[in-house]
Amino acid sequence: MIPEWGNFALILACCLAIAQMVLPLAGAALGRNAWMAVARPAAAGQLAFLGIAFACLTYSFVMDDFSVSYVADNSSVALPWAYKVAGVWGGHEGSLLLWLLILAVWTEAVSVFGTALPRVYWARVIGVLGVISSGLLLFLLLTSNPFMREFPARLEGTDLNPLLQDPAMVLHPPMLYMGYVGFSVAFAMAVAGLLAGRLDAAWARWSRPWTVAAWSFLTVGIALGSWWAYYELGWGGWWFWDPVENASFMPWLAGTALIHSLAVTEKRGAFKAWTALLAIFTFSLSLLGTFLVRSGVLTSVHAFATDPERGVFLLILLALITGGALLLFAWRAPKLRNEVSFSWLSKETFLLINNVLLIVACAAVLLGTLYPLAFDALGLGKLSVGPPYFNSVFVPITLPLAFLIGLGPLVAWKRADAAALSRRLRGAFLMAVALSAGVTALILGVRHLVLAMAVFIAAWIMLSAGVGIISRVRTHEGISGIPRGFWGMHLAHVGIAVFMLGVGVVSTFHIEQDVRLAPGEEVTVGGLVFRLERLYPVAGPNFDATEALVTVFQSGEQVAELKPQKRIYRVGRQAMTQTSIAGGLSRDLLVALGEPLGDTAWSLRVYIKPMVRWIWAGAVLMALGGVLALSDRRYRALRGRAPPAKKLRAGVSG
Amino acid sequence: MTSKQRQRFIAVIAIVLAVGAAVTFTTLAFRQNLLYYFTPSMVAGGEAPVGKPFRLGGLVVNGSIERSTQTIEVRFRITDLDREIPVIYRGILPDLFAEGKGVVTKGMLGNDGIFQASEVLAKHDENYMPPEVADSLRNKKGHPNGATSTGAP
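Chains as they are written, first to last, in my numbering: chain A, 1 to 654; chain B, 655 to 807.
Read the hints as simulated data drawn from the structure, not as lab findings. Certain hints may be false.
Ranges between beta-carbon positions, derived for each pair [stated by the list, open to error]: (1) K706(B) with L399(A): 25 to 33 Å; (2) A698(B) with L315(A): 52 to 60 Å; (3) G438(A) with E727(B): 56 to 64 Å; (4) L449(A) with Q686(B): 15 to 23 Å.
All figures in this text were calculated on a predicted structure; none of them were measured in a lab. Glycine included, each C-beta is placed from N, C-alpha and C at the ideal position.
So here's chain A without its partners, still in its complex pose (with noise of 0.2 Å):
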């Protein structure tokens, strides 16, 4: 019976998405404030509906109900039980019930902490939100019910994937889909405002920190995906450009951009068009993601839908959402007007630059992922964009960006001082400049030249950050009167130069090596010496393994022992490749195995990663100075009535 409750609870939230959707918009058109009062039970009933479907899918999983064939497609009796659980987005209807439960949280934070906001605004966002929630649950019962029984029942599943089967699993999908969704708020606040045909310095303020907490949402869930695919996948390397990396990478570069795009709307009413443009692109390019990972167009593991009809139902909803939102943005944009002019050496043209670099990248991007599929659809032939494309593109991108991050903070508004900028940055330049001649010259070579670059640009970002942070203490507020907006701006800002250092230092260092060894047999890489001593059986819940201990020594003392597996799991009788990892914040030795190759030697990947973790580091610490500052004073402040304006003058999150 479970399941029936389940299907009924997701026809009921359906119903109830298509209120939410058609009597607070058609209030707020009509001056009807009973239409409008709706949104709010309609948001909560929805979230209680959903969830009970969530609720049910999960039990079906956790009991083990095979008649439901979802659950017999991605599970089995011996799955721990935790993958059981995530489980219930192993698979595409699933995955998608999370997506809808996730904006239902969000239209419901909307719907409760946006009392604050004008009436007819507040049930726009939530109308707007309504129109992506019907969309996406039709799509959902209507192609890809999750409850679709099946009889008779089989008796055991067909397994979780193995590759899925892994800790990572249990958060990363959630993360990024907070990420992705949450970007819905930002793209439904730019509707309603273009509906009223006002977009201020208030809409801006509103957008803002919905539109930061889902960033550092999609930040941890890209770095948490880039994790997984660097231990699990055993390539080795933490960014492949595969498409489905790409998707969830563009509406990031978007989101970027938007949020400081928002803050110069917010600060001083300029860029108001561009600003509501960035927020439909960003929810786009979810969008985008979504249909790109779950059509089947990509073949990856993440690609499980590969029926036809799901894709066209999804391009179609893809095209009325951002298709609609354009033409209102056509409609109305030209209506807008930026009151204030700024001059050359301000804040706002250092931030117009940083939104002009993340959009080329990002159509960099989207030209490299999307460019494939047209060619094959076209009939033209079959092919693929190789990384050396987007690297040769990104660097070129990413680093006077990166430079920028260094200038940008400490430009005043408006108007600044070019002879007091250079003052007060001077000594960070050089400094920057000593420091990265300095580590090159210890490790001399061309071949740095990489190397060279990440060190002055994370050495220039932290310093200037520095400067940036002590001036205002002196001028001002003291430490404890800077807004906590201005202390996530530089940890964010950090974030970058962590993450640039690891890749610099990994990109240069790294040694990847495929080795053939007998038990007893040793091989040097990098100066490490990594020895096979034995190899054995081993038996987990639900797979049977070939384990390998290997020992690795460094000038003769024994560093790290690693135990990487090859597994075959017992249902579908698929063999994995379980990677073992010794590492810490200075290095990551890894070891993956490979195959038997006659009587006892096994192929081995050795890798020595230097400072990779950096890499994840820094994104941790972008996300950290996102959430760092949503706990503004100034947001709180939100709830109640509207913020005294105070404080404005330096800081982007300020």
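For this one, chain A is given, so just place chain B on it according to the hints.
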């Protein structure tokens, strides 16, 4: 020109130059890094370039996998059920690489007609067939994979 007009003029020029540079640069990088996909028949027919990277896909011929006894080199042949192309790869093969299964490799064709693979693409599921391979097999009869969909569960 007033100073404001001059500023605008400079701004427009700067933006045009920057966008132009970005477009040129991107297009160049893009064209150099397009990887085309070829089937064994196309390679045998001389359609594929020599000494330039591309992707080759098909089924691994039964009984064609030969492992070196001393190194980690492995040789196998890829077929589209019409023609076969020999492949050399030095490295660790993905978990689901097996005889009779679909595979996509990336590498260069040598003058000797042997494909030097630098990468053998991992598949994520054993029932999964790379769509390129599935397409090229679709019209071939007599192979069970030829007619089925590309369905990954």
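Problem - Hint numbers not upheld by this structure, sorted from lowest to highest - result: Hints 2 and 3 not satisfied by this model.
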